[in-house]
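In case you want the letters, here they are:
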Amino acid sequence: MPVLRWIRRNLVVLAGLLTLAYMILPNIVVMVFSFNKPNGRFNYAWQRFSLDAWKDPCGVADLCGSLSLSLRIAFWATIGATALGTMIAFALVRYRFRARGAINSLIFLPMAMPEVVMAASLLTLFLNMGAQLGFWTVLIAHIMFCLSFVVTAVKARVMSMDPRLEEAARDLYAGPVQTFVRVTLPIAAPGIAAGALLAFALSFDDFIITNFNAGSTVTFPMFVWGSAQRGTPVQINVIGTAMFVIAVAVVLAGQLVANRRRSNARK
Amino acid sequence: MSATEAPPAPPEKPDVRKPSARRRLVPYWLLLPGILWLLVFFALPMVYQASTSVQTGSLEKGFEVTWHFRTYWDALAEYYPQFVRSLLYAGTATLLCLLLGYPLAYLIAFKAGRWRNLVLVLVVAPFFTSFLIRTLAWKTILADGGAVVDVMNTLHVLDVTAWLGWTESNRVLATPMAVVCGLTYNFLPFMILPLYTSLDRIDGRLHEAARDLYATPATTFRKVTLPLSMPGVVSGTLLTFIPASGDYVNAELLGSTDTKMVGSVIQTQFLRVLDYPTAAALSFILMAVVLLVVTVYIRRSGTEDLV
Amino acid sequence: MTQQQTEGGDVRLTGISKTYGSFTAVHPLDLTVPQGSFFALLGASGCGKTTTLRIIAGLEDTTTGTVSLGGRDITDLPPYKRPVNTVFQSYALFPHLDVSENIAFGLRRRGIRSVGKQVGEMLDLVQLGDFARRKPHQLSGGQQQRVAVARALINHPQVLLLDEPLGALDLKLRRQMQLELKRIQTEVGITFVHVTHDQEEAMTMADTVAVMNGGRVEQLGAPAELYENPRTTFVANFLGTSNLIEGRIVSTGTDVVVAAGGGKLRLPGGRCPSSAESGGKVLVGVRPEKISLTHTDDAAAIPDGRNRVAGRITDSSFIGVSTQYVVESPAGTALQVYEQNIERDGRLVPGAEVVLHWNPEHTFGLDAAQHIHAGAEALEEAA
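Protein chains in written order, with this note's numbering: chain A, 1 to 267; chain B, 1 to 307; chain C, 1 to 383.
Every beta carbon over 10 Å from chain B, so not counted as near; a handful from chain A, in silico:
| no. | residue |
| --- | --- |
| 1 | 41 |
| 2 | 57 |
| 3 | 62 |
| 4 | 161 |
| 5 | 186 |
Simulated restraints, written as ranges between beta carbons of each label pair:
| no. | chain 1 | residue 1 | chain 2 | residue 2 | range |
| --- | --- | --- | --- | --- | --- |
| 6 | C | 112 | B | 301 | 55 to 63 Å |
| 7 | B | 36 | A | 132 | 20 to 28 Å |
| 8 | C | 324 | A | 156 | 46 to 54 Å |
Keep in mind the hints are simulated off the structure, nothing from the lab. Quantities reported herein were computed from a predicted structural model and do not represent experimental measurements. Yeah, the Cβ is synthetic: ideal placement off N, Cα and C, and Gly gets one too.
Just need the whole structure built from these sequences, with the hints factored in.
Laid out in structure tokens, this is it:
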């Protein structure tokens, strides 16, 4: 049977595409249901098409407030984690020093720890110190767990860098500072950017650690969590869809620019 | 070739001319802020938590350290079903992620051709929407009387899964299957990306060499591709298992009281019941179990330089 | 750091050495590179040639010794304060900058604003005018190599250091670039110090070659001088091929007579090691292309006064311009002979009995207390 033969030969591709479908399906559901007009408080069953939610995305109390809070936290957490993480990554790759192994473990452990453990222990600390839970405690927590990911991303990039490039810069009259600014930093930039993006995504989307340490402050994921108990407004889907579309557009635009630049340079 | 000759500036080698003290301090200054942050907000909390777990008292009178190790025993005795369930669900989800993720990673690395970047974007794309919103979408997908349940019903799959105790005979939502399905979905990208990275590093000529040396496609996979992708398998399974074992979002949103995982218990004890010692003890046990599993796993798989 | 072609711009290394832990990369070494010369450091992997170059560049600290340039001690100057530039192995072009920005890098770091004219001139010198806006990864190996040269030369360094600059290129391009570099050197008149493991490259390009082995300079001199008068077995084997025959000195004088392989060989006294004395051992050397090959049947026609060794051909390979024979004889099992393909003698096939003969003037003597194959293995590694 030719059909069976074809299936056998393309088994891997078919399996891969099925997985891809499994991964994409919820996004499609989120998108479709952003045009729903549900009966009652929960937006789980399809009723009829409506643009109401799109016309008034902030029409639910606290929704946009929590969104802007999450964006602010993610922004500062990204800056903090990227700065601290980049410094650590450079130290680890470029220098020899004592306690290297211990420091490597300290950076690895947060990634090998279930979030709920970190969340609970950090809350113990804050309670013991009598800290006021809110924006600052969340920010502290986010920088903490994003740090290791930034270190890993930047380290990979710095490690693959040819040390001769910096030697060449020094050979061409660039002092230590100029070498760093003109050569090291631009070449490490993709790694730093990757780390920063990862930190932003992790921070923006974090729920468990935030839930423990936010007190009465409500971030966007916490808002969604709360609405899952009280009733899910369609606006959640609108915001989810908008984020998705914007992010995909940015990625595609980036690709397009990169492609065009490449083909231009070829001429 | 003299690329190997005189390793370019090996800084670890001692030198008769000592670098100045200022230069020797540079790495410590670079490390200081970040490491301090981790020590104060990651390591120190662990100590506090350890101390909390052996305290007794009440919220009104305050807690004090009494070395009450019984808390651990009591916590385990009361909540061991949730523990076992967590490890079971997380393990199953990890296995499913590997089975589902490997073909896709393989597809991207070797078969996607010019579609590679697009597929990669699609793999990462779900990240762009808050994972809570996407998890809620599974409520719609698996809803009672929805398309998925209907098809499973018609094909009598539900009867089998219900007999196995994975689902109920007429619904998927609020059953173990829904929770595992959600866990698998949520952590798939963490499996696929490391798998893809290690598959992508494999020189395509190795496949040709294997085929040239009389290996069938299946043998080529078993003897060449799979062994070379082991680093990706190991880090992928860890990146999936660790967060899945402590997760309670999927269990809460897609499950029922019978599918509660240990994360839910810790959360409830900490934030609602306010029984800090029990919560701390539970969280400590979870940490110990996960670290144990991770250590044994890394040792066994022989890839210790994951970091 | 400006262009200063003062008298006595020599590079002088005095007692420099470099150790990494217990490993000595360079033994204490004195070396003078005359201003304006094209100087090659030749040797196999790990012989210390690159370390020596990096010490001149300032990229490597010395363990002992001093580096001076034109009489000025620059040992403690960091690389960015030395009037010395390097063409790196695999070029180390900045991947994030285009060709012209790569070339302008050094000028800009020294605070020079208007670099356009100089960059243009440099691009013309290396014939890359049309590629100014390309990124390094869009260039071929040869083009990258020329950018690396331009990037260093634009600074008018007093010394240009080249670290295996042609190593990554294919044979044909390498030959072309050798001539190109030689042309540029003649044109700009800057001192070039060139590190290479390719003996042909060193001999083609350099005025002076220093052969390094195990962190030491084995011999230093003009290419022809090194080739004709190697002083160690390493140089004899590493630079071209040599036939080395063990023998015992029978008599000394203007001509030294040596008993070897059942016969007698003569060589000029001046080409013998100074330690040579009657009864002592010596290695008699002769280059393969200096030897003539005659079939035993015609042995009578060989003029008197030539060194003779009888043997049997074990192998021959036709190269085109020449035929290479391997001859087994009592004097040695694998004597190499290169014969020009002018009038080929059909009888010279494997198995044929032959007489090797050559002018005694072309014979050199080496101290017998050395490893006879030194340098031959190094050559295999380097290849």
